[in-house]
Amino acid sequence: MAAAAETTLLRSRRRRRFWGRALRGSIPYGLILPVLVVIGVILGYPLYWLAKLSTERYGLFELIRRAGVSVGLDNYRSVLHDSIFWHTLLRTVVFAAVNVTLTIVFGTLLALLLVRVSTVVRLVVSSGLVLVWSMPVVVAVQIWYWMTNFQNGVVNYVLTQLHVGNFFQHDWYATTFSQLSLVTLLIVWGALPFVVITLYAGLAQVPHDLVEAAEVDGARPWRIFLDITLPILRPILLILTSLSIIWDFGVFTQPYLLIGQSKITSGNYLMSIYLFEEGYFKSDFGRGAAISILMLLIVAVLSVVYVRKMVRIGETQ
Amino acid sequence: MSSRRRGRRARQAGWNAVGLAVFVVMVFPVFWMISTAFKSNDQIVSLSPTWFPLHPTLVHFRDAIHRPYFWTDVRNSLIVVSVTVAISIVLAFLAAVALARYRFGGRKLFVVLVIGIQMLPQAGLIIPLYVVLARYHQVNALTGVIVTYMTFVLPFSVWTLRGFLLGIPKELEEAAMVDGSTRLGVFIKILLPLMGPGLVATSVFAFITTWNEYIFARVLLNDQSKQTITVWLSYFLGSSRHTDWGALMAASTLTAIPVVVFFLLVQRRIAFGLTAGAVRG
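Which chain is which? The protein sequence lines are V and F, in order. In terms of the numbering used here, the first sequence has 80 at position 80, counting the first letter as 1, and numbering is strictly consecutive. In terms of the numbering used here, the second sequence has 68 at position 68, counting the first letter as 1, and numbering is strictly consecutive.
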């Protein structure tokens, strides 16, 4: 009798311990649950719809009727047979490559410059960078639009005064090349502060005595950069480059607003604008969904390096 | 020796000059915006521009704030921003605690989710979000934009707050636990006060990204009385043939001011959070 009571007591205590451990084990899941639910509902559900839409004919009529017409893979076939898609893809790849290269090269040069200037100048330059960094994109676009305006834009005035050439009433929005060059300048200008300040922080890790020893040994600045500075900056450069690739490939606001809706044609599309015009503006949501999925796949491939690196950072800390 | 020192000083002066030139080129657009906003109209359209406003005037600012829908759209922006940030920060903080303080199965998957979502190009999501929100009558409604913004504010906030949490030594909490505090007690008495600066910095940064957001607001809000301030500003020029550059620059300055003020406050704190893969450019 007593022995039986003892076993039940033991069992209940063990059971309580089991539930206590289960409860404690479930704490982290309880903590991430709200975020998971929100993301699941407001991202997961639309993503499911994205896949569904891409296999349907879905325009304004279907939006009102609240039901699409299944067309299988026709949307994908139509996009992949569209020469505009391939031209846009090529243009976007070249555009992103130019932007990323300029951002990273100038970013590195400016970060190296920040190390060499005096403290006062460094403070002045970095405050200026922070000011630029804080400009909202839409505001930046309006400023650039005003500065490059053909009638009385200050860029034309300054270039003419500097005898670069006669830029009196030069129209920067006349050719695709010129339009996209302006967009590139705008994007690089806006991206530089973040890149420079991050790289400058990274440069603080470069061991001073090592550089000095190399200088005493008569090493050229170029070799010092390649053999000492670059290896230390490499992880940061990798992160910044992959982030820039992803951002510049999917960029929308700067080209869409600076070139302006009225001047956007299939001849100057970038990927996001192609998607916006073909899918949203023309209310061809099914085809737009197919373009979205193709674009998301491309970006997913581009982000693999970055995400893996970040996850590793997240795991080691 | 002295010639060597002189050489070094000359080189330093050279670098300083290059640095100042970079400063001038980078800051010029911002300067030009402010300068234009205060100039008189004939000074703005002059073919040989002057750098500073000769007789500073507030007429463009007055014009900008009296444009239709300015105050309505500022109010819309404030509503969207504050609701998004308030909800996101609370939910993100809980998830950040889980990431920074617990080991659990599926943790890695959650990290992949948090990082991966931030990489999604926003343009790629406009079609399904528009269609789904239209089905639930949330197009042209601020609630639709608020839930949309949470998709990118949440992951960013989780990741940044996790970074701040890792900066707080675990030993503090363990000591309190040994002294008999409960987990909840530790959370409220120790973690929350120490996280103050991190929570403020993350909120402010979430405020800035939300205030600046353009593409989702452009797609989801078509009614002028429902738009946010960035969409309002993007339509400022409209189809008028006579561009009012002064008013445009005054409106741009007004849109930028809250962001600049907040940004200067938290820039230092948030800089490392950004490296951890956050906000879009």
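I should point out that these hints are in silico values taken from the structure, not numbers from a laboratory. All C-beta atoms in this analysis are idealised placements derived from N, C-alpha and C, irrespective of residue type, glycine included. There could be a bad hint or two in this list.
Unchecked claim - Estimated spans, in silico, between C-beta atoms of each pair:
no., chain 1, residue 1, chain 2, residue 2, range
1, F, L109, V, R13, 17 to 23 Å
2, V, F177, F, L20, 29 to 35 Å
3, F, R103, V, R65, 27 to 33 Å
4, V, T160, F, L109, 54 to 60 Å
5, V, S26, F, G238, 29 to 35 Å
6, V, L238, F, A86, 18 to 24 Å
7, F, K170, V, I64, 42 to 48 Å
Would you say the C-beta atoms of F/K170 and V/I64 sit inside 42 to 48 Å of each other? About 56 Å separates the Cβ atoms of F/K170 and V/I64, which means 42 to 48 Å is violated.
Holds or violated: 17 to 23 Å for the Cβ distance of F/L109 and V/R13? Violated: the Cβ-Cβ distance is about 35 Å, outside 17 to 23 Å.
Tell me if the beta carbons of V/L238 and F/A86 are separated by a distance inside 18 to 24 Å. Given range 18 to 24 Å: violated, Cβ gap about 35 Å.
Using the beta carbons of V/F177 and F/L20, state whether their distance is inside 29 to 35 Å or not. holds (32 Å)
Is the gap between the beta carbons of V/T160 and F/L109 within 54 to 60 Å? holds (59 Å)
Distance restraint evaluation - V/S26, F/G238, Cβ atoms, bounds 29 to 35 Å: Given about 56 Å between the Cβ atoms, the range is violated.
Just tell me: holds or violated, for the beta carbon distance of F/R103 and V/R65 against 27 to 33 Å? violated (50 Å)
The structure is inconsistent with the numbered hints 1, 3, 5, 6 and 7, although it conforms to all the rest.
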